[in-house]
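Number of protein chains: 2
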Amino acid sequence: MLQNDRLLKTLRGELVDRPPVWMMRQAGRFLPSYQRLREKYDFFTRCQTPELVAEITCLPVDELNVDAAILFSDILVVLQAMGVPIEMREGSGPVLLRPVEKPADVNRLEYPDVIHALGYVFQGIRATLQKLDGRVPLIGFAGAPWTLLCYLVEGKGSPNFEKARAFCYQHPDAAHALLDKLTNITISYLQLQIQAGVHAVQVFDSWAGLLGPEGFRQFAEPYLQRISKALSALSPVILFPKGAWFGLHALATSGAAAIGIDWQTDPAFARNAVGTQISLQGNLDPAILLTNCTTIEAQTRAMIRRFGTQRYIANLGHGILPHTPVAHARTFVETVRRFSEAELLSTKS
Amino acid sequence: MLQNDRLLKTLRGELVDRPPVWMMRQAGRFLPSYQRLREKYDFFTRCQTPELVAEITCLPVDELNVDAAILFSDILVVLQAMGVPIEMREGSGPVLLRPVEKPADVNRLEYPDVIHALGYVFQGIRATLQKLDGRVPLIGFAGAPWTLLCYLVEGKGSPNFEKARAFCYQHPDAAHALLDKLTNITISYLQLQIQAGVHAVQVFDSWAGLLGPEGFRQFAEPYLQRISKALSALSPVILFPKGAWFGLHALATSGAAAIGIDWQTDPAFARNAVGTQISLQGNLDPAILLTNCTTIEAQTRAMIRRFGTQRYIANLGHGILPHTPVAHARTFVETVRRFSEAELLSTKS
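Protein sequence lines, in the order shown, are assigned to chains F and W. Note that the numbering used here numbers the first sequence so that position 331 is 331, with each residue one more than the last. For the numbering used here, count along the second sequence from 1 and bump the result up by 1000.
FYI, nobody ran anything at the bench for these hints, they're computed from the structure. Mixed in with the good hints there might be a few duds.
[Said to hold, decoys possible] Cut-off 25 angstroms, straight-line C-alpha distance, at most; resulting in silico cross-link-like pairs (SDA-like, lysine to any residue):
id : chain 1 : residue 1 : chain 2 : residue 2
1  : F       : K229      : F       : K163
2  : F       : K9        : F       : G275
3  : W       : K1156     : F       : P94
4  : W       : K1163     : F       : R25
5  : F       : K163      : F       : M82
6  : F       : K102      : W       : A1298
7  : W       : K1131     : W       : N1065
8  : F       : K156      : W       : E1154
Remember, it's a predicted structure, so these values are computed and weren't measured experimentally.
Chain F on its own, in the form it takes in the complex:
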């Protein structure tokens, strides 16, 4: 039994006393307690050691009082399991040593034995659930196929992933074959996370917006739909198609319980696009958490008033920024926790 089930109630569309709150990248980024572990263990050791996964995942629950934990891991572990060597360079991000440069490279990618190749993730989930001891739900996650393709083709992070876009337009058949493979693997991977006990799963399509409306319709949306439909009977699914404001309407019928909204999308626009039968999550500009407590409080309250307190999960519009002061993150969480339905009604009247 969960002691705090606001997130799950919101994902099911049930009434809550106030919106649940958590922050994307709350684990493994900005907390000093995490930075200390970072000095002792390299990135993949942190991801692959169940005790460290549990410890890091619980840090923001202990220190910030959020309503949900999100597993500490990385979307790229799936590519590693497919036989792509990845180096995580502190400061400059991941480097994939054998990127996909031509259609033939797609065949080289292995279809992994997910249960074994990513066994450490499922062990990490079990260790985390023990440590959480029912305090809050645990969210599992994976990268969306298009976003994984971005890294596979570009070989590293990039502001615009032009090579990945060009690959899709020049080699649509190879792109679809790759996206299809990534979709099947992602479904297996998330099914196994659900079996290991996560209470909900989020699919990060961090670079969805870069495709534009036509490209999104071709290379991102169908795969998000397939993943959501395959999993939604097993667990609530949260889709986060960052930047793809033009695709929100189409995703409303994906079976997802919630859709994450970046800070560049107006709450009213998003609600209008997806209708009333789905929850929204987001969308404070993460840069607001770099300002000061007065500004954070005012902006957070304004955000909740615009989304409303039901069918809404308070969160940032993208991952928390590395240099965010802990006190600022705490102010964000506390502001949501103090926001009550009565206040919403009084500001409306």
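Add chain W to chain F, keeping to what the hints say.
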């Protein structure tokens, strides 16, 4: 007298035989003939030497047959004129040596004597007009105040300019004071470009989308409006608020002759947002030019069919990418040049 006035006709809303075509960053980026000049002269020498400006600006007219030239320069020269030392590091981009970190830093910025401090730009315009000899119109340009603020606060390029966003939210009064100053300088600067003979001006708000709808309304839109209203009686104005799909409607009443559309915004959405009394410019994904000639041709034709041939300027959705093959850029331009009104009608019926 201009031999090719398709661009100006389109900006005035007059009938043309086919859409005019040019490419953002067509001068000073991808052409091998430019790369050779780049090896001989450093960045600011290239910007500050009228003969080099004229030579570089004319390269794409000579080599690609575009319907307009855009002056070779950089949006940051205005900041340099305001007393901010800038180093242009090849490969990693500009570095501003004394960024704006706190409100007091705003007062430190000089209000330049634009006519002298940027005299080399106006000389460059005159030299270019001579060299163009009426073949095509010349577009002048400046960075929008918000986009200049991004560089001033961040001190360099950045994928998301979080510091700039945080500065605006934390210090709105200082931000508005800075934006006001940048707006006045930009108006003077563009007025002097028009006096020197440019046929149209484009205002690049490259990072407009990063603000999100509320931030755009506060920190970008009012300044774009002011610039556009101050200049539109003197010259056609093209506004390019990249990423700010949510702000297109508001800019329709700015007096601008055209609005540039990035590749993430659907042509029909843009047309619906701005109405019929303004031209649209854009919006091919620059990554398409990395593919092959068949794909480029198909995508370019599809784009024109979606925008229509009137009140439309064919262009990319952002600057041409540095590694674009010349043959691909030429295919893009040629495809637009071959597109006729008859073809549009036949595909519609």
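Against the structure, the hints:
1. F:K229 - F:K163: Distance of about 30 angstroms is beyond 25 angstroms: violated.
2. F:K9 - F:G275: Holds. K9 (chain F) to G275 (chain F) sits at ~18 angstroms (cutoff 25 angstroms).
3. W:K1156 - F:P94: holds, 22 angstroms
4. W:K1163 - F:R25: Given that 25 angstroms is the threshold and the Cα spacing comes to 19 angstroms, the pair holds.
5. F:K163 - F:M82: holds, 21 angstroms
6. F:K102 - W:A1298: It holds: about 21 angstroms lies between the C-alpha atoms, which stays within 25 angstroms.
7. W:K1131 - W:N1065: Given pair K1131 (chain W), N1065 (chain W) holds - Cα atoms ~15 angstroms apart, limit 25 angstroms.
8. F:K156 - W:E1154: At roughly 23 angstroms apart (the allowed maximum being 25 angstroms), E1154 (chain W) and K156 (chain F) satisfy the hint.
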